[in-house]
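Novice: Spelled out, the chains give:
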Amino acid sequence: MKTGIIVFPGSNCDRDVHHVLNDVVEINAEYVWHMEKSIEDYDALILPGGFSYGDRLRAGVIAAQSPIMEAIKKKANEGLPILGICNGFQILVEAGLLPGALVKNVKLRFSCKWLEMEVLNVNTPFTNLFRLNDQINIPIAHGEGRYILSDDKLHDLNENNQIVFKYKDQNPNGSTEMIAAICNKEGNVMGLMPHPERASEPILLPNQTTSNAGLIFLSLKNFLSSYIKN
Amino acid sequence: MLTKEEETYLLKKLGRNPNLLEIDMIDAEWSEHCSYKSSRKYVRSLPSRGKRVIVGPGYDAGVLDIGDDDVITVHIESHNHPSAVEPYGGAATGVGGVIRDIISMGTRPIALLDALRFSSLDKQNKTSKSKWLFKNVVKGIADYGNCIGIPTVGGDIEFDNSFKDYCLVDVAAIGLGKKDQIISNHAEEGDLIVLAGNPTGKDGIRGASFASKLLDNEEDRSAVQIPDPFLEKLLIEATIEATNSNCINATKDLGGGGLSCCLSELSHLVEKGFEIELSAVHTKVADISPNEIMISESQERMIYIINKERLSRFTDIFTKYGVTYSIIGKVSGHDNLKILYDGKPIANISCNLMVKAPLSKRKARKPDYLNRLKRNIEFANVENYNYILLRLLANPNIGNKDWVYQQFDHEVGLRTVIKPGADASVIRVNDNKFVSIKLDGNSKHCYLDPYQGMLGCLSEACRNVVCTGAQPIGIMDHLQFGSPENPQIYWTFIKSIDAIVDFCKYMKIPVVGGKVSFYNETMNSPIKPSPVIGTIGLIKNRSHITKNIPVIGNTLFILGLTSEELGGSEYFELIDRQMYGSVPKVDLKTDKKNRSAVLDLIEKGSIDFVHDCSKGGIGTALAELAISGNLGIKIDLKKIPNNCSRHDYLLFSESHSRFIIGTSQPDRLKRILSRRKCIFSEIGKTDPTKILNLHYSGKEIINLSYHDLIRNYNAMNVTMDGS
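As you go down the protein sequences, you meet chains Z and L in turn.
As numbered in this note's numbering, the first sequence has no gaps in its residue numbers, which increase by one up to the final residue, 240.
As numbered in this note's numbering, the second sequence has no gaps in its residue numbers, which increase by one up to the final residue, 1026.
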């Protein structure tokens, strides 16, 4: 069971995800440089946060053209679990693997803070250990995290149960329907703006709070172990 | 521009007339910014030795041993002049510069802090540029730091009208590495000299000289560099990978004075001469002259000295990251910096001559304004203490600064255990070792009494670090003043140095890094003396990490004596008494005793929280605790050890060496503090009422709800967003 962490020039949460997967959740994970064309060895892929290509033009748009993206698209179609976090979400959207767009926050500035989100779909490789409507304490850190899409696409998302997490109580960036994470129709590709890797160790949580955000990675582990067994 | 004396000295040493390029090179290197010609004599006297100090001040960054072969590197720099004319680019490139100093030691940057100074954000003043400067400096730091993935974990922000039309932007960085990875900076004859990163362009020409004079012309924007954080991120990763692959013999960042200063300082450091071919430098534009190449301050560039045999590995790494490089020369036998263009020699100067600018003789004299200060005046009685406390909480020097810190990614890297806004920030090294860090300054105190004000900054920064459970292990100083050519300003600089020497010697805490920045003046006036102190602390046990968050049922104590010391206080500023009274004095013995006592209490597990008491005094410290704990606090002010003649003095005096402590073991705490012969007393309790109730043996002084407190405490959001 092995997970690949895709590293683009400017990725900056790659080492954080590597640490949480290997040392906290105990899933074997290794870095995959974006120039690689073959990714046959991996049972799951994670596109970490950061500023690939310095967010030039638009967050994620240049990385979406990287050599590795063709292989990633192929794997997505084959049903491999693929998770994009923050900039990874932006890249998945720009690559057309997820619908909609991520644009500048309504307040036009970067926002790094802890908030609550709610679970709406527990049938993905990343959410199978949650219960419906569970609340998750988790930080965001982005300047372009406002998720928008057309009304008919939104209708499709709702229809197909593709909204995985929504912000609770406050909308930090002006996202349509407080959307924090979505998946593709099949559920194997998920993108989320908040950072679960930052809420996976108790010592990093703000005062007197707890978090079950680590369940996102544990769900993946759970999914992969049953998948590999079968 | 060189002075007459410097020109004479140069001619004598050189034995010939320098050419124009050599004059440009000397002018940059002998600028105040690069040469420390007004400060070197005094800076040398700072105590910089200690058992943890591997590399002291004078290099790109100081290196501290934190045990188990782990080292941290620390550095602080400012970018004041550039930020004052072009706040976004100036602040951003300030972050970039200090980060490169950390990587040039072979360590990975793990945290950034900023100390920022602006004039009042008051909206009545329509001509004020303060808001524009503030907004763009914060955005510049955010866009740069966030992009390179290094968390900005805290700092210090102060507003004072002596910064009118100006600002101070200090950036400190912390790096983490292993002892045996520290780059030793050596070179052999024949080693190659490689310039990597940004192409050299016409941006930032004469930046070092620009920063070494008064700010008189806002059209100097071409002296401000252009930031490219994406390239910086690639440069960081490439440098670290090349360091780990043993490719680098020596390296240095290109900062003020560009290639010229970098090469002369590096040549001096490795004690070898360099032969440089300027036509090999990759440039942004074709029509750039050799002189411009030498002194351009284009950002995101580093020089590396590479052994020939390691070159192919080095270039593989830099190619992988897409970082452009050029091989611009080689290390030679002689000790001169020899510059060629298309094979023709165009400059040839001894690096020894370049890096040793003649010291400037400066006069010092006690400032006239200090003789005009009034000690005793009459004050009207206070009718509404609630109103005063709320006004103080709404003061941006005291209130919540989330508007700033939320724009910084302070979580990336998975190390930020205590987040911005607390007494000090705590960074994880590993699960049993943590570093605590805080920047502090107080220009109001330093203006009224440069010596005691400086002691106060040192005391406060150490106190804040101790509040998180850390032992202070090193200090950084950033000394910021107006023109050293003004004897009255120079006097305040010398007093500040005296205070650092006295404090650090007594406390046995070494100075591990620092910077002097003069000429912080606009056409209006010089800034107040504004030294900033950074204290680095070490926490050797996870259980010692302490937060300033009370819980219901805590018994509250105050440690330390409250004296009538309101000179330069936020309270006197509020009631328009800026030029009166004595600033708080630091008694070194008591200061040390109280800090040791708090650390002892923490290590014995006998307290639940501890909070520093400084700007705004006991009144605001208690309000902050009611806010952070979301609870009520009831205090009898009469029980506070003090020698104040009035309630408002007692509430708002900024006496040093004081801590507010909460515990569930009051008897044990009393035993420990009594044994240590500390001045302390039990003053009240926390409760579930969500009301801050301060009385004087029953007579109500302050009664405010959590709602009132938080609304005023969060005033900066309204000021900046209008909502």
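What the hints contain is simulated information worked out from the structure, not anything from laboratory work.
Check before you lean on any hint, since a few could be wrong.
What the hints assert, rightly or not - Short, incomplete list of chain Z residues facing chain L, as computed with Cβ under 10 angstroms:
(1) Gly59
(2) Ala151
(3) Gln218
(4) Leu234
Every value quoted in this text rests on a predicted model; they were computed, and no experiment measured them.
Think of the CB as a built atom: it goes at the ideal place given N, C-alpha and C, for glycine as much as any other residue.
Novice: Now tell me, hint by hint, if it's right for this structure.
Specialist: Evaluated hints:
1. Gly59: Hint on Gly59/Z: holds, closest Cβ of chain L at ~8 angstroms, below 10 angstroms.
2. Ala151: Since chain L brings a Cβ to about 4 angstroms from Ala151/Z, closer than 10 angstroms, the hint holds.
3. Gln218: holds (7 angstroms)
4. Leu234: Because about 23 angstroms separates Leu234/Z from the closest Cβ in chain L, which is outside the 10 angstroms limit, the hint is violated.
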